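Dock chain B with the ligands against the given chain A, drawing on the hints supplied.
Each chain is listed here by its residues.
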Amino acid sequence: MITVHLEPGNETLTFPKINTAQQLLNKLSLGQTDALIIRGDELLTPDRRIHYGDEITVRTVISRG
Amino acid sequence: MKCKRCKALAAVALPSHHTGFCPECFLKYFADQVERGAHKHKLFDHSDKILVALSGGKDSLALMQVLTDLEYDVTGLHIDLGIGESSEAARGFVTAFCEKRGLPFHVLSTAHYGLAIPDVKAAVRRPICSVCGKIKRYYFNKFAHENGFTALATGHNLDDETARLFANTLRWDARYLGSQGPMLPGEGKFVRKVKPLYRLTEFETAAYCFLRKVEHGKAACPYSGGATFTGHKRLMGGLERVSPGMKIQFYEGFLRDGRPAFQAACKEGTDALVECAKCGYPSMSETCGVCRTRGMVAEKTAGR
Ligand code: SF4
Ligand SMILES: [Zn+2]
Ligand SMILES: [Zn+2]
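Going down the list, the sequences are from chains A and B.
My numbering applies: residue 3 is where the first sequence begins, and numbers increase by one.
My numbering applies: residue 1346 is where the second sequence begins, and numbers increase by one.
So here's chain A without its partners, still in its complex pose (with noise of 0.2 Å):
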């Protein structure tokens, strides 16, 4: 299971399987400069592969008002 957290809004998904974050993106249908994709300390570029109980924030960046 993976588990994805998302921001702003504070909504968590879980997923069976992810294989990187591009995929990850694609799931929620956001650009690659859209959010940033966070796992603990680190920042991973869409390239990056996501394991199998990954804990990941997902950080929309559009700001609004």
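Honestly, the hints are just simulated from the structure, not real lab data.
All figures in this text were calculated on a predicted structure; none of them were measured in a lab.
Glycine included, C-beta positions come from ideal geometry on N, C-alpha and C.
Treat each hint with caution, since some may be false.
Said to hold, decoys possible - Here are a few chain B residues that sit away from chain A, every Cβ distance over 10 Å (derived from the structure): (1) 1504; (2) 1535; (3) 1555.
As the list claims (entries may be wrong) - Listed next, with one range per pair, are the computed distances between beta-carbon atoms: (4) B:1532 <-> A:43: 45 to 53 Å; (5) B:1632 <-> A:44: 32 to 40 Å; (6) A:15 <-> B:1353: 52 to 60 Å; (7) B:1608 <-> A:44: 40 to 48 Å; (8) A:22 <-> B:1512: 33 to 41 Å; (9) A:3 <-> B:1589: 51 to 59 Å; (10) B:1454 <-> A:22: 43 to 51 Å; (11) B:1429 <-> A:57: 26 to 34 Å.
What follows is chain B with the ligands alone, placed relative to chain A:
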């Protein structure tokens, strides 16, 4: 993906520059972009006393951090709009950020001047964001002018700027097109306004905050409808995906080739300003917009 500069593992991929950077080299790239923009459009130098408008969001705090790292003379100003929990949270981020780093900053509450934004919203008929924006600009400028600052810096980034340019172009709004840019010279009681992050995208300021450990607010203001600009940003984002580098080219190209024509065309309009009879700041009519709004709020609250 490997860092372009040092070949370590990359943390930030930048399709518009066909490149990627490790954390350390990205922070350097970010600061270099700020210096490059500051130099190119003569935003400020090390002799300037710079007031930084701090909203508590990622862009303004990133701006304060990078200018501090580059050893510019900076002081923060946060304007507390009095919008319940939202404003309390914003103020909390600014205070925590500046106190942790020992940076000088001030807080100004619009409620203190009879302009708490919820009261303003109840008293005016115009869209609240245009009035709120005017109030913020007014007090940032007034504070800067009265306290001897030579430049007023805001955290507008490349996405803000291209979205606004796109909107102004769609309307062929000559007056706005003539004055849009990363630097608006000071004149009389208007302090020079600068946008040092204009070369950096929202994605880059967010990555910068993460890597530089800048804690910032992420919630939107409860009054932000956000529709048009967010829509424009999405459109520009789509174009950027197809032609990486398009945003900065569109913007710098406008500054170089488009803006001079609009500036020339609307030269006459600018000297129509008079001094506001109430506060003495430049105004289009006898009483300035902010003083008029204050009057409307006072009337409304007196009648309650
Ligand atoms: S969203 Fe509108 S009301 Fe809220 S802070 Fe921004 S300009 Fe003011
Ligand atoms: Zn590097
Ligand atoms: Zn006035």
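To see whether the hints hold, each was checked on the structure:
Some Cβ of chain A comes within 10 Å of the Cβ of residue 1504 (chain B); the nearest lies about 8 Å off, and the non-interface call is violated. No Cβ of chain A approaches the Cβ of residue 1535 (chain B) within 10 Å, the least distance being about 25 Å, so the stated non-interface status holds. For residue 1555 (chain B), the shortest C-beta to C-beta distance to chain A comes to about 6 Å, within the 10 Å cut-off, and the non-interface label is violated. Remark: the range hint 45 to 53 Å for residue 1532 (chain B) to residue 43 (chain A) is upheld by a beta-carbon distance near 46 Å.
The hinted window of 32 to 40 Å between residue 1632 (chain B) and residue 44 (chain A) is violated, with their beta carbons roughly 55 Å apart. Separation of residue 15 (chain A) from residue 1353 (chain B) is about 31 Å and departs from the stated range, judged on CB atoms against 52 to 60 Å. Residue 1608 (chain B) and residue 44 (chain A) have their C-beta atoms about 46 Å apart, which keeps the hinted 40 to 48 Å range intact. In this structure the supplied range 33 to 41 Å holds for residue 22 (chain A) paired with residue 1512 (chain B), their Cβ-Cβ distance being about 36 Å.
Distance hint check: the CB atoms of residue 3 (chain A) and residue 1589 (chain B) are about 35 Å apart, inconsistent with the given range 51 to 59 Å. Range check, residue 1454 (chain B) to residue 22 (chain A): Cβ separation about 48 Å, and the 43 to 51 Å hint holds. The beta-carbon spacing between residue 1429 (chain B) and residue 57 (chain A), approximately 32 Å, falls within the hinted interval of 26 to 34 Å.
The structure fails to meet hints 1, 3, 5, 6, 9 from the earlier list, while all remaining hints are met.
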